[in-house]
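Student: These are the residues of each chain, in order.
4 protein chains.
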Amino acid sequence: MDRFGIAVADINGEVYGVGDWEVPFSVQSISKTFSLALVMANDNDDIWKRVGREPSGTPFNSLVQLEWENGVPRNPFINAGALVVTDRLQTLTGDASTTMLHFLREESGNPDLAFDQAVADSEADHGDRNAALAHFMASFGNLENPVPSVIEHYFWQCSIEMSCRDLAAAGGFLARHGLRADGSRLLEAREAKRINAVMLTCGTYDAAGEFAYRVGLPAKSGVGGGIVAVVPGRCTLCVWSPGLDRRGNSVAGAAALDHFTTLTGWSVF
Amino acid sequence: MDRFGIAVADINGEVYGVGDWEVPFSVQSISKTFSLALVMANDNDDIWKRVGREPSGTPFNSLVQLEWENGVPRNPFINAGALVVTDRLQTLTGDASTTMLHFLREESGNPDLAFDQAVADSEADHGDRNAALAHFMASFGNLENPVPSVIEHYFWQCSIEMSCRDLAAAGGFLARHGLRADGSRLLEAREAKRINAVMLTCGTYDAAGEFAYRVGLPAKSGVGGGIVAVVPGRCTLCVWSPGLDRRGNSVAGAAALDHFTTLTGWSVF
Amino acid sequence: MDRFGIAVADINGEVYGVGDWEVPFSVQSISKTFSLALVMANDNDDIWKRVGREPSGTPFNSLVQLEWENGVPRNPFINAGALVVTDRLQTLTGDASTTMLHFLREESGNPDLAFDQAVADSEADHGDRNAALAHFMASFGNLENPVPSVIEHYFWQCSIEMSCRDLAAAGGFLARHGLRADGSRLLEAREAKRINAVMLTCGTYDAAGEFAYRVGLPAKSGVGGGIVAVVPGRCTLCVWSPGLDRRGNSVAGAAALDHFTTLTGWSVF
Amino acid sequence: MDRFGIAVADINGEVYGVGDWEVPFSVQSISKTFSLALVMANDNDDIWKRVGREPSGTPFNSLVQLEWENGVPRNPFINAGALVVTDRLQTLTGDASTTMLHFLREESGNPDLAFDQAVADSEADHGDRNAALAHFMASFGNLENPVPSVIEHYFWQCSIEMSCRDLAAAGGFLARHGLRADGSRLLEAREAKRINAVMLTCGTYDAAGEFAYRVGLPAKSGVGGGIVAVVPGRCTLCVWSPGLDRRGNSVAGAAALDHFTTLTGWSVF
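Residue numbers (our numbering), protein chains in the order written: chain A, 23 to 291; chain B, 23 to 291; chain C, 23 to 291; chain D, 23 to 291.
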C-alpha cells in the first residue's frame, strides 16, 4: 500500500516521472476513457443516444435510475454506461478488447502491454453484478451483442496492465485536443474537449464534485489505484498508489494531484 | 419569449453587451452563487459540513437522497442546499437578503437594484415544497434559524431584479480569482476556483454534464432565463432569454454560450 | 418496560382483561383507525381519492413514493396518509380532535378520556418531519386546511390516553361489522370489513406482512406500546406493553397476540 | 378477451364450475404459490432467511429495495422472490419444475397436465429482466444453483397449462389447512394459514391492498388471467378471464371474486 508513482507527459510526448512510475498496475476503470474515445472516433455522436452525460448521484441509486431512464445509463463512466460503450466498440470493430490493446500499445509506445488473464478470469468469477446490469439493459433493447460477449470484452479491457509512464503517454491525445502521438488526428478538438468534460463531471465515481473542487482537472480513476488527469493544452498526468478511499479513488493519488494544481495553478478554474 | 441579451465583463470591469442586455429580470437561482460566495467569505470551509459538493442525479431522487444522507443536501445549488446556505448567511449577518442586496449593488455598480416584492410574495404563496425541504432538514438538525425566516430570506434573494450588465459585473470576482470590483479581496483564489468548480458540476440543474459537454464553462442558471458563466482569468458573461428547456435552463442562453466557446476556443477544456 | 396488559371485548360489549389492562397509555397511531372510521362514516368513499390502500414498502421509500405518486399517500396508516385523513375530518367536522375524543368517550363508556397536553406539546416541538410531509402534500394540492391546523389536530388525536379496556371497547364496532356500542350503525358492514382489510395489510408499520404471517388478525399498533386487533364477528382485543421492536411494534404485545391465535385458532386464515 | 370461467372446490374435493371453467390456460405466477408450498413442506422455515414476507411497494422500487436489503427479496411472490424459492426447490429436489408438475397432477387429479414448451421458450427469449434479477441476487450470494438453471425451471413452472377446475382442486390444501387431496398432510395447519397470509398481503402484485379491501380473501393472480382465491376452512376458488388491468390482474376475475364475497359474506374480515 505504500507504493506511489507519478508521471507527466507533455504535449510533445516527453514523459517525466518519479517514484514507482514504471511499475505496471491494472488499469481497471481508466480503460473506460479509452473505449469512449475509440467509439467517438468511429461513431461521432451516435453513442449519446444510448448513454447519457450526467453525473449519477449516489451509487445506491444506480439501478433505480437505470430503470427510471429506460435502460439508458447516466454516463459512460459508470459500469452500466461502460458496458454500452464496449458493446458499441464490439459492433464497430468486431473485437473491442484487442482494438483497445493495440491502440494503447501505439499511443504509449510500449509494445509489451498485455491483458492480465488472471485478473480477467477473477473478475469473471465475480461478475454477477455486471451481468445483472447488462441483462437489465438488454431487457430495454440497449445492447447490440450477446451479454456474455460484452461482459468478456469489458473484463479484458479492465485487465490491461500499464504503468504511470504508459498511461500518461497513452492519454496524451486528451491534452493535445485530439491529436495522437504520431500527429494524426484521433478526435476533433471539440470531441477531445468533450471527453475532458465528461471526465471532470463523472470520472471519479461519486466523488466527481469533490475532485473538481479540490483538484480542478478532468480525471479518470480506477480501483487499481491509478488516476489519469489532463491539463488541456499542456500535459497529461498519471498517478498511482494502491490505497483507496471509500469511493474507490487512490488516496495518495488524489492528494498528489491536489498538491500539483495548488503548486502550478494549473486548475482549469 | 423572443427577448435576448448578452453581456461580457472583462477582468478590468469593462462591460460590453448586445440585445436586451440592460433589461432587468428576476435573478432567481443565480442568487445561489452569491449567497455561497458570501458565506465562504465569512465562514471559510465550515459550510461544507452542512452541504455536499456532489451533483444530485435526477430531481426525482432529491428527497430520497436528502433522507439517505441524513438531511445534508448534495450541493449548494439545489434548493435544499441553497436553503442551508441562506440559513448560514442569516446566522452570520443577521439579515441574509439585505446583505446580498448591498453586495450586488456594490459589485454591479448599480445602486438601484431592489427586491421585487410581488415576485417574493408570489413565491411565498407557492412555497410549500421549499417549506417541506426546510422542515425536513430541520428534522435532522440541519437548520439554525426558524423555517419561516429562512424561507423568507431565500425568496427575497431570488426576487432581486438585475440585467445582464449588472450580473456580468457582479460576478466579476469569479473571473478575477476572488478580487472584488474595488480590488479588495472577497475570497482566496483557491476559494473562487472552487466556486467555479461547483458551478461547473452542479450549476445548471440536472443538465450540468450536458452543459459541461457543450459549453465547457462554469455557469449558474435561473428560471428567470438568465445564465452567468465564467471564463477564469478572462471574463464573466451573462446571457438572458426567457424560454426554458425542460430542465429549467434558458434555451437561447445555452445556445449562445455554446456558440461563444466554439468561436473563442475559451472552454476550460 | 415490564408492564403488560391485555383486554378482550366481546361483541356484546363485555370486556375482560388481565395485567395492566386498566392503565392508561398514549394511543398514538392507533388513533389513525378511529379517524379513518369517522371520515368513512361521514364521507363514504371520497377519502380514497386522496389516499391509497396499498402497503408502503420500506419506510426509506416513503417520501419518494409520495413524490412518485403526486402527493397521494399510499395508505391512511402511514403518517402522510393519516394527515390527509385528519385534514378531511377537520373539514367535515370543524374540530377533528374533539370529534374523535367525544367518539372515544362514548364507545369506551369512559367519560374521563382526555388529551395529554404535555404529549401533544412535546410532539409539536419535534414535528418537523410531519410538517415536511404536510407541506409536501400541500404542494400537490392534497390538503384542504392550513398545515399548522392539520398538524395540531393530528398531535392532539395521538395524545389521547386510553387503557386496554378503553381501546378494546372503543374498537368494538370493527368486530360488530360497523355497529356502535349503543347498537346504532356507524359504518356499513362492507365498510367495517374494509377497515379491517386496511389494518391487516397496512396496520403495523413495515411489519404488516410479518404480522399477518404470525398473528393473522387485522391490527393497528402505536408507539405508545398498544396494539388493537380484531377477530371479525367475535371480539376486539387490545394489548399493551411499552417495549418496541425496531419497526415500532410492541414486542410483548405481538407475542401475546401470536399466542392468542395459536391457542384459539381464531386467525382469519 | 371475452372468455370467463369460475370453479369452486369444496374441502371434500368436489369441484363445481361455470363458463370456461375447463379451458386450460397458462398458470404463470400462480405457480409461485405451489413452489412456496413445496419448499415449506420440505424445508420448514428456512426459506424465510432468504426471502421476506412484506409487501413490495411500487414495482418501480423493486430493484432498489433488492439492493437496499442486500439481495433478499421482499416476498416470495415478486419475481425475485419466486426465483429464490425455485432455486431452493431445485436444491431440495434436483428438478424443481418436474416436482411441481407431478404435484399438480396429483392434487388436481388430472394426469394430462403438461408444460407448454412454446410458452417456456418464448419467455426464455425475453428473459433478460429475470436474468438481471437472478444475477443481482447471485452477486449477494442468495442463489444456490447456476443462474441459467434457476431461470429455466422458473419458466417451465410458469408455463404449465391448467383449467379453473384443475387449479381450484390443486389449491385445495390451502382451504383444508394443509391436507392434500388424499388426506395426507402436506403442511402443518399453521404453515397453510401462513401461506394464505402471504397471499393476502402480497398475492396480487401492487394491488394487494386494493384486493384485500374489495375481495377480502387470500388470492394469487397470474398474467395468464387466472386468480386462485381461498376461503379458509370452506373452499378454494379459481377464476379466469384474460383481460388484465394495469397491475396485471384479471379484470373480470377480480370483479367476480368481489361479487362472490359480497353475496356470500365469506370475506375473512
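These are calculated hints, taken from the structure and not from any lab test. These numbers come from a predicted model, not from an experiment. Misleading hints may appear alongside valid ones.
Across the chosen pairs, the derived CB separations fall in these ranges [claimed, not checked]: (1) C/D67 <-> D/F162: 51 to 61 Å; (2) B/H124 <-> A/G35: 45 to 55 Å; (3) D/D147 <-> C/D32: 31 to 41 Å; (4) B/G35 <-> A/E91: 43 to 53 Å; (5) C/R25 <-> D/N132: 38 to 48 Å; (6) D/A140 <-> A/D147: 30 to 40 Å; (7) B/D267 <-> C/D65: 38 to 48 Å.
Below, in silico cross-link-like pairs of lysine to aspartate or glutamate (EDC-like), each with a Cα-Cα straight-line distance of 16 Å or less [said to hold, decoys possible]: (8) C/K71 <-> D/E91; (9) C/K71 <-> C/E91; (10) D/K71 <-> C/E91; (11) B/K71 <-> B/E166; (12) A/K71 <-> A/E44; (13) D/K71 <-> D/E91; (14) A/K71 <-> B/E166; (15) B/K71 <-> A/E232; (16) C/K71 <-> C/E210; (17) A/K71 <-> A/E166; (18) D/K71 <-> D/E166; (19) B/K71 <-> B/E44.
A few chain A residues that don't get close to chain B, going by computed Cβ distances all over 10 Å [unchecked claim]: (20) V45; (21) I69; (22) R75.
All C-beta atoms in this analysis are idealised placements derived from N, C-alpha and C, irrespective of residue type, glycine included.
Student: None of the hints should be skipped; say for each whether it holds.
Tutor: Going through the hints against the structure:
no.	hint	verdict
1	C/D67 <-> D/F162: 51 to 61 Å	violated, 42 Å
2	B/H124 <-> A/G35: 45 to 55 Å	holds, 53 Å
3	D/D147 <-> C/D32: 31 to 41 Å	violated, 59 Å
4	B/G35 <-> A/E91: 43 to 53 Å	holds, 44 Å
5	C/R25 <-> D/N132: 38 to 48 Å	violated, 57 Å
6	D/A140 <-> A/D147: 30 to 40 Å	holds, 35 Å
7	B/D267 <-> C/D65: 38 to 48 Å	holds, 43 Å
8	C/K71 <-> D/E91	violated, 32 Å
9	C/K71 <-> C/E91	holds, 12 Å
10	D/K71 <-> C/E91	violated, 32 Å
11	B/K71 <-> B/E166	holds, 13 Å
12	A/K71 <-> A/E44	violated, 39 Å
13	D/K71 <-> D/E91	holds, 12 Å
14	A/K71 <-> B/E166	violated, 45 Å
15	B/K71 <-> A/E232	holds, 13 Å
16	C/K71 <-> C/E210	violated, 19 Å
17	A/K71 <-> A/E166	holds, 13 Å
18	D/K71 <-> D/E166	holds, 13 Å
19	B/K71 <-> B/E44	violated, 39 Å
20	V45	holds, 30 Å
21	I69	holds, 12 Å
22	R75	violated, 4 Å
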